[in-house]
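Trainee: On the provided structure of chain E, position chain G as indicated by the hints.
Heads up: the sequence lines are chains E and G, in that order. Just so you know, we're using numbering that gives the first Met the number 0 here: the first sequence kicks off at 0 and counts up by one. Just so you know, we're using numbering that gives the first Met the number 0 here: the second sequence kicks off at 0 and counts up by one.
Hints are supplied without guarantee of correctness; some may be wrong.
Said to hold, decoys possible - Below, a list of computed lysine-lysine pairs in the PhoX-like style, where the Cα atoms sit at most 20 Å apart:
no.	chain 1	residue 1	chain 2	residue 2
1	G	Lys-128	E	Lys-177
2	E	Lys-198	E	Lys-177
3	G	Lys-138	G	Lys-128
4	G	Lys-138	E	Lys-222
5	E	Lys-183	E	Lys-194
6	G	Lys-128	E	Lys-183
7	E	Lys-183	E	Lys-198
What the hints assert, rightly or not - Sample of chain E residues with no beta-carbon within 12 Å of chain G, all distances over it, derived:
no.	residue
8	Thr-164
9	Asp-165
10	Leu-169
11	Asn-193
12	Lys-194
13	Ile-206
None of these hints come from the bench; they were simulated from the model. The beta-carbon is built from N, C-alpha and C at its ideal position, and this holds for glycine as well.
Next come the chains, spelled out residue by residue.
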Amino acid sequence: MDPPLINESSFSAANPSAYSLAEIWPFPVNSASAIGEPTAGLGLRIANFGQIMGQFADSSANRDVSVDESTVTEQSGSRGGGRKRRDVSSEDESSKIVSTSSGSGMNASNGKRMKISRTPDENGGSKAELEASSVAGEKPAEESKPAEQSKQDYIHVRARRGQATDSHSLAERARREKISERMKILQDLVPGCNKVIGKALVLDEIINYIQSLQRQVEFLSMKLEAVNSRMNHTVEGFPLKDLGVQTFDAAAMIYGSQATREYAQGSQPEWLHMQVGGSIERAS
Amino acid sequence: MTSNRVFFNTSSRKARCARRFLQSLLRIRQRRPGSLSSEEVRQRSRRIKMAAYSSMACTVGSRRAWSRAIIFRLQSRAGRHGRMRRRCLGVKKKPSREMSQADRLRDLVPGGEALDFCNLLEETAHYIKCLSSQVEIMKSIADIYCRS
Chain E
0 MDPPLINESS
10 FSAANPSAYS
20 LAEIWPFPVN
30 SASAIGEPTA
40 GLGLRIANFG
50 QIMGQFADSS
60 ANRDVSVDES
70 TVTEQSGSRG
80 GGRKRRDVSS
90 EDESSKIVST
100 SSGSGMNASN
110 GKRMKISRTP
120 DENGGSKAEL
130 EASSVAGEKP
140 AEESKPAEQS
150 KQDYIHVRAR
160 RGQATDSHSL
170 AERARREKIS
180 ERMKILQDLV
190 PGCNKVIGKA
200 LVLDEIINYI
210 QSLQRQVEFL
220 SMKLEAVNSR
230 MNHTVEGFPL
240 KDLGVQTFDA
250 AAMIYGSQAT
260 REYAQGSQPE
270 WLHMQVGGSI
280 ERAS
Chain G
0 MTSNRVFFNT
10 SSRKARCARR
20 FLQSLLRIRQ
30 RRPGSLSSEE
40 VRQRSRRIKM
50 AAYSSMACTV
60 GSRRAWSRAI
70 IFRLQSRAGR
80 HGRMRRRCLG
90 VKKKPSREMS
100 QADRLRDLVP
110 GGEALDFCNL
120 LEETAHYIKC
130 LSSQVEIMKS
140 IADIYCRS
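Isolated chain G (complex conformation):
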């Protein structure tokens, strides 16, 4: 455990993110009694996605615009405690041709609507980093579960 503690102390952002995500996965798993309707499966997958984004954002904290936007959305949704809107996380409205690339990027990066192009690129870089690491975490967890 001492070694683990050391590892915890020196754990990178990715490790913290993975821990958060696993905890939320466990919570989601515990919450469900056992029915397997398609609606519930979809809801659960959405919840997992939300958990993925929230773990990502919470790990980063409120330093970044995108993480602030995600946390704010999750908090507002938690207050409503209804179903999440499709627009809020991940897939958004289809990019139209007449939209400029910067606007498309603003749409994709959460919290990027209010940013100028320069800051938007910075946020995008950070967001891509975190998102790719999150994808890796999820892939590895899925692989672990599949093998077990």
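One chain only, chain E, in its complex shape:
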């Protein structure tokens, strides 16, 4: 539709030329619409176009006439458009080479550019089709390939990160990490547990260690009971200060051996001494 519009605009711009033609042929242009004449008129108008532009620019007073003649120009324009359409149709119907040649020969219009751009595709035959097909073949391939890749990546990422995408498995993984972390802490706590490999064996070691500690507590309580009762009897015969000094020394020795421990520190012996001494004082 662009060429007719251009034609109309050109004809409207060429109205003075139409006016000049209308002066020459008042009615035949309107009624007797032979194909050859308008084409000739068109040719005249087109030929006069460049000259008349200046007239049109000059003659603004001719507009009244040009309004009357606008019908003529419109008709001629429509005819021109029809002819051009016919040309286009003939170009479409006839060989495309002609159309290309005419298209190449004619002024550049969008439709013809489109035509030209189309015709090589149609004329290009096997090569263009091959190219197109190859392009078309590549395109789906490319599309499918990235799709596959993205799918694979997606699946791969899912597979690799696995539980990270799922909230449940994420929580599960976090829990497992926590458990392994605490198992490590426990392994550090339980002596001789670092060499043990395997969760079950480590748990066995931990259980055995707790049991041994609890048994130790029981045994030590029995021992303390015996010592405590004996202490009750023997305290009376003991000089308190010697006892205090002795306990202090003993405590210093005991805790000195544990100085490497985090809570050994020098405070312990003195404090223990005081505590034991005080308790003994009170007991006596």
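Mentor: Using the frame of chain E, we list chain G on its own:
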């Protein structure tokens, strides 16, 4: 005494635990008149064991599940003021083969029955720390008494 006070202020959990335990030992010692029947010896040793666990738990406070469980048991027992049940502290029922290790651990760690495995391990770690320090305290006290 000032130095002692400073030490008290900066005393670690172990020192506080030892102080508690010694105080309870003193109380146990004062309570007994002097009879030495085997039954009384056993009871006293149980009481000392209880004192050991309670000093441990009270030092930790109610922050931990195991210490809460021990304190609760001791309080409930103190209300009954009878003999302590064997199951409550220390030695418990024998672990059977079909029990899973986690269940055995739950049985061993006081208050671990209601914990999931993750928290159970945390409690176990803390419990082991406190228990081993308690054992050390008791050993050192026993050594001091034996030497004196």
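Trainee: Let me make sure I understand: some of the numbered hints might not hold for this structure. Which ones are they, in numerical order?
Mentor: 13
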